[in-house]
Amino acid sequence: MDKRILDIAAIAAALVAPVFFGPYGHYIMCMATIYAMVSLSLNVLVSEAGLISIGHAGFWAVGAYGSAVLVERVGVPFEVSVVAAAGLAGLVGVVVGLPALRVRGHYLAIATLGFSLVLVHVLYEWDGLTGGRQGMFVQRPSLFGWSLAEDRQAYYLCLAIFGLLVLLVRNFRRSLGGLSINALRQSELAAQCCGIDLAASRLFAFAFSAALTGASGALYGAVLGQLSTDSFTLVVSLSFLTMAVVGGMSSVWGAVLGGLFLAGAPEGLRAFEKWQMLIYGVLLIVFIRVLPKGLASLPERLAPLIGGRR
Amino acid sequence: MTLLSLVVSGLALGSIYALIGVSLVIISKATDVVNFGQGEMAMFGAFLTLTLLRQTDMPLWLAVLATLPIGFLLGALVQLIVVRPIENAPALNVLISTLGLFFVFNSAAGIVWGFDPHPFPSLFELAPITVGGVAVTPASLGIIAVALSVMFALYLFFEKTRWGTAMRAASMNRTAARMMGIRVEHVAVAAWGLAGGLSVISAVLIAPLTFLDQQMMVSIILKGFAGAILGGFSSLPGSVIGCLILGVAETLFGAYVSTSMKDSFAFVLIILVLLLRPSGVFVTNRAKKV
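Those protein sequences? They're chains A and B, same order as listed. The end of the first sequence is residue 310 by the working numbering, with every number in the run present. The end of the second sequence is residue 600 by the working numbering, with every number in the run present.
Keep in mind the hints are simulated off the structure, nothing from the lab. Note that the Cβ used here is the ideal one computed from N, Cα and C, for glycine as well. Fair warning: there could be bad hints in the mix.
[Said to hold, decoys possible] For the chain B half of the interface with chain A, some residues (derived, Cβ under 10 Å), not all of them: (1) Asn403; (2) Val441; (3) Leu458; (4) Phe462; (5) Val528; (6) Val583.
Modelling step: build the complete structure from the supplied sequences, incorporating the hints.
Structure (C-alpha cells):
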C-alpha cells in the first residue's frame, strides 16, 4: 500500500516541479522525460526479455526523422506523427531483429550495432529528405492544432505520453506476451516446452521496445526543434545503455532515475566535458559489478543496513 | 586498377579484419563473452606503441613486435580487473561491462593523446610497385604476410603446444577440462591476453594506412564481427576465411558499385548470413533439439 502512496507522490512532484524552474530547467525536464521513455524501452528489452541492443539510437533516429518528415513534408498533425513514428520504429525493429533473434543473444547486439551505424550513414547521405549535413528544422510539438511553444507546455505533453507508455509497459508485463518473454529469459528450454514460440515472442518484445524508443525520438526532434545525425551516434546508444543500467532496469522508477541521470549528467559534468564518456564507461562497469539493478534498487539494498528489519 | 590488384588490397584489408575477428572468437570460445571493447583496446594498444616509438629510439620492427606483449598485458589486465569479478553474473551483464570498456578505452585515448589523427610509420612501402604486371603496394603484401604468419603461429600454438591444447579443451567443456587438471581461470586470462595481442597487431598494421585516431577501430570491429559470423563464429579457420572474403568482397563492391555505401556492405552481409545460415558458411550446422 505504501508503494502506491510513493507513486502518487512522484506523480504529484512531476506535475508541480515546473513551478520551481526557469525555461532552461523546463527544457532539461523535457529531455529527462524523453530519455526516461528510452530507458523504459530498454527495461522491457533487457530486464524482461534478456536481450540487448547497442543500436537504440538508430530506432530513436527512425522515430525522430520519421515524425519530422511526416510533419514537415507531408503535413500530418503532430499527435498522429508520434504514433506513426512509433509504428515505423517498431517495423524497422522487426526487420533488424528478425534474422538476429533466431540465433543467440549477442548476434542481436551485433546486428543492432551495425544497423545504427548504417542508418546514420544513410540519413547523412540522404540530403533531400533529411537535410544531410545541415540537418533539418522541426516544428514545435502541437496538440490538436495548438502549438506548444514553451518547453513548460511541451513538458506536460512529454509527461502525459510517458505516463501512457508506462501503462502500456505495465500491461505488457502482465499480458501473455510479457509472461512468455519472461519465461523465455529464465529458461528457453522450459518455456519452449510449454509451447511458447521463441522467435515470435522475442521479436515482439524487441519491436515493442523499438516502438517505445521511436515515440521518444519523435518528441525529441520536436522539443529540440532541429535534427542532425550527430544526435544518433554509437555513443548515444551506449549512453542510453548507461542510463538504463545506472537508473535500474527492473522498474519504472529505474527508468525515471535513468532519464534524470542522462539529462542531468551533462549539466553536472560540464566542467569535465572531456571526461564525460570515460565516466559513463566507468559507471557502467562499476554499476554492473556493485549495483546491477541500478539506483532504483538502492533502498532495498540499504534497508538491511539501516533498519535491520526483514 | 585491375581486378587482381583490387583482390590483393582486399585480402590485405581482410587480413586486418581477420586478426580482430579471430581475437573475438578466441575470447568468445574460451570465456563465452563477446568483447565489444576489443577494437578500442586495440586502438589504445596502438597508441601505447606509438608512444613507445616516440619516447625511445627503438627501431620500428621492434616496436611492432612489442605490440604483442603490450596487447597481451592489456587483455590480461582487463580480464583480471573487469571481467573476472563478474564471471558468474548473467552473460548480459558481462556484455554490458564490455560496452563500458568500449567507452573507457575510447575516451581515455582521446584524453591522453588528443582527438586528432596521428600519422603512424609504416613497416612497408606505401607507394605501389608492379609485380608481374599487377600494381600492388608493398604494404598490402606485408600486411598479408604478417597476418598469415601470425595465423600460422596461432595454428601451431593451438595444435602442438600444451597450452594450446588446454585452451581448446577448456573451450569445449569447462567442467571436464577443470577435472582434467586444467586451470580454467588461467586459460581465461591467456585467451584475453592472446586476443589483446592479436588485435593490437591489427591496429598497428592498419594505422599507417588510415592514420591512428580514437575512432579508427569502430568500423573495423564491426567488420571483424561480420567476417567472423560469415565464416562461423565458433570456428577459428572459418572466421579467418570469412574475414578474408569480406575484405575482398568489400573492396570489389567499393570499386565497382558504390564507394559511399561500402561500409554498409558488411552490415547487410551480417543480416543476410544470419537470415540464411546463422552458424556460418563453413561450419556444419548442429541443430539443437528442444
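Hint by hint, here is what the structure shows:
1. Residue-level restraint check for Asn403 (chain B) holds (minimum Cβ-Cβ distance to chain A is 5 Å; threshold 10 Å).
2. Residue-level restraint check for Val441 (chain B) is violated (minimum Cβ-Cβ distance to chain A is 35 Å; threshold 10 Å).
3. The beta carbon of Leu458 (chain B) comes no nearer than 26 Å to any beta carbon in chain A, farther than 10 Å, and the hint placing it at the interface is violated.
4. Checking Phe462 (chain B) against chain A: minimum C-beta separation of about 28 Å lies over 10 Å; hint violated.
5. Because the closest C-beta pair between Val528 (chain B) and chain A is about 7 Å apart, less than 10 Å, the hint holds.
6. With its C-beta approaching chain A no nearer than about 8 Å, Val583 (chain B) sits inside the 10 Å limit, and its interface hint holds.
When each numbered hint is compared with the structure, violations occur for hints 2, 3, 4.
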